[in-house]
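**Q** Chains as they are written, first to last, in this note's numbering: chain U, 80 to 224; chain B, 163 to 325.
The set of hints was computed from the structure by calculation and includes no laboratory data. Every value quoted in this text rests on a predicted model; they were computed, and no experiment measured them. Ideal placement from N, C-alpha and C gives every residue a C-beta, glycine not left out. Worth double-checking, as some hints may not be accurate.
[What the hints assert, rightly or not] Distance condition first, Cα-Cα at most 20 angstroms in a straight line; then the derived EDC-like pairs of lysine to aspartate or glutamate: (1) U:K214 to B:E323; (2) U:K218 to B:E288; (3) U:K177 to B:E288.
[As the list claims (entries may be wrong)] Stretch-level coverage of chain U by chain B, calculated; a stretch enters the list once three of its residues show a Cβ under 8 angstroms from a Cβ in chain B: (4) 120 to 132; (5) 153 to 161.
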Amino acid sequence: MSARSLAENFFGRLQAGEVGDVLGLMTPDATVSLVPLNRHGPMATDGAAYVRELARSFPDLVVRVRRLFVSADNTAVAEITIEGTQADDFLAVVNQEKHVELDQAWLLKVTPDDRISAVTAYWDQNQLYRRLGVKRLDKITITAG
Amino acid sequence: MTTDVIRAGTEVTPHESGAPAAVLAFFDAYRVHDVERMVDLCTEGADFRYVPFEVRGRQRVLHGEGKVRTIGKVIWTALIDAFPDLTNAVTSLRADEQGNVVAEVSVGGIQARPFGIIASAGGHFELPHLFLFHVTGDGLIDDIVAYWDNVDWKRQLGCVEVD
Numbered sequence: 080m081s082a083r084s085l086a087e088n089f090f091g092r093l094q095a096g097e098v099g100d101v102l103g104l105m106t107p108d109a110t111v112s113l114v115p116l117n118r119h120g121p122m123a124t125d126g127a128a129y130v131r132e133l134a135r136s137f138p139d140l141v142v143r144v145r146r147l148f149v150s151a152d153n154t155a156v157a158e159i160t161i162e163g164t165q166a167d168d169f170l171a172v173v174n175q176e177k178h179v180e181l182d183q184a185w186l187l188k189v190t191p192d193d194r195i196s197a198v199t200a201y202w203d204q205n206q207l208y209r210r211l212g213v214k215r216l217d218k219i220t221i222t223a224g
Numbered sequence: 163m164t165t166d167v168i169r170a171g172t173e174v175t176p177h178e179s180g181a182p183a184a185v186l187a188f189f190d191a192y193r194v195h196d197v198e199r200m201v202d203l204c205t206e207g208a209d210f211r212y213v214p215f216e217v218r219g220r221q222r223v224l225h226g227e228g229k230v231r232t233i234g235k236v237i238w239t240a241l242i243d244a245f246p247d248l249t250n251a252v253t254s255l256r257a258d259e260q261g262n263v264v265a266e267v268s269v270g271g272i273q274a275r276p277f278g279i280i281a282s283a284g285g286h287f288e289l290p291h292l293f294l295f296h297v298t299g300d301g302l303i304d305d306i307v308a309y310w311d312n313v314d315w316k317r318q319l320g321c322v323e324v325d
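Extracted from the complex, chain B is given alone in its bound form (with noise of 0.2 angstroms):
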């Protein structure tokens, strides 16, 4: 592999393979809101951690980990549902030959829906994420993991609770 660092903002549309081509193809398809085509670029069993994902039940704290057919599929689907032009922008794109893969990436959207507690107030929003990624030699995601920051995301919406 020889990719390095791919800084295009928008205009991202590197003829990659290998790891980086399934990471770019994951976007395209988040982009289009396919998460039928997101699912199918990962394997059977990929693990799924959207790590600032945390939602405060009366007993317990529930996280957004588990797998990419399950947890995974229902939050880009309620993502999808509460921001229904949500989009996105690589911004850069690094790998090593191990298969892993590291975007930051640009989302946002305007919201139409609530989502958790954040209410829908019409908000714009364009939050910074960092993705990692590792990706088999068959081409499949395997393991998505990513960061980003709620309290910016809430700010911009109008939200002001940190549960």
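So that you can see chain U by itself, here it is in the shape it has in the complex (with noise of 0.2 angstroms):
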């Protein structure tokens, strides 16, 4: 499998919400930086909490991949947005059903034998936040209609 295959799996996993499909893209010792939540570490735990979360906060979710290229070191780029609406709190924010769209960016580092053995992820949690109603930094869980 191409690593530009590899990541449309794991785009296609991730908006399944299928954890442990998702896992088995990855090596056992893989890593995952989601930096805008300031969370770094195995993807067996804090990446798997994470689609978690989302998935079952966004039992809706699409992931769309709008542009993706693989670099010469093996690592798969992708441009991503992530649409659905909201179900259940997500990342401390109550649920108000608002709907959901964000775009992110994604590198995954893919291994001769075809398996992911890092992921990192950008996007702007400003931006995820106005669309869930936050409107303080301070007041994370208190939204406005």
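Combine the two chains into a complex, taking the hints into account.
**A** Right, dumping it as structure tokens:
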């Protein structure tokens, strides 16, 4: 499987919220850096927890890959849009059933034997809060319609 | 192109050619606040998109999206004005053979003037960015996209408002 196919597979499984299947694409010691959340650690714990929370909070999640290329060191570079309607608290933000569209950029480092060994994701958490109705960064759990 | 990945923190001074060289030249120019040089490294109609850049007006949201020679130049100039010691360090650089380049860059500076809704309290910030470029066969940048987290940025500068 090429790095490109592997990345498409990864985002497809992310959309489906299939944590086990996502982890099945990774090396056992794969790392994750969710930069806006300041979460840096093992994919098997930190990454899996994020995928689970995303799937629970946005059961109608759609992950759209807008741009994808593979660098010479076999890193898949993707711009994606995640889209869905909030159905449960997410990252401490209470559920107001807001519809969210959020652009993100992901780097997936792929090993020669076609496993993802490192994941790094960038997005603007301020945009996410705005779409979920958060007004103040020191009161994330307080939202306004 | 043979570029794999450069991870050298502040020591990035590689002898790169082609697309990576254009990108490194861009950040060199940005580091010395030479906005004209930044623009000259881009094609006439180069596209520009700073994804987190959203300004809420009364009627609509203004996005940081358009052309390098219009929107990009204005935003870079405003940033340098607000953060007179604005600097950057390229921490990783990757490229393919079609002119796509991705750079992880730490951008930082001390605030001297308000920027958007962020009032100036003289705070310092260091913020990870991800930049995506496309470079033409002539070595000119024809597309710039950037991602960063405004929550991290605002918190470092003492701003707690989402909008």
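**Q** A separate judgement is required for each hint: does it hold in the structure or not?
**A** Hint check results:
1. U:K214 to B:E323: Answer holds: U:K214 to B:E323 is near 6 angstroms, not above 20 angstroms.
2. U:K218 to B:E288: 23 angstroms, violated
3. U:K177 to B:E288: 32 angstroms, violated
4. 120 to 132: violated (count 0)
5. 153 to 161: holds (count 3)
Figure legend: structure checked against the earlier numbered hints; hints not met, in rising order: 2, 3, 4.
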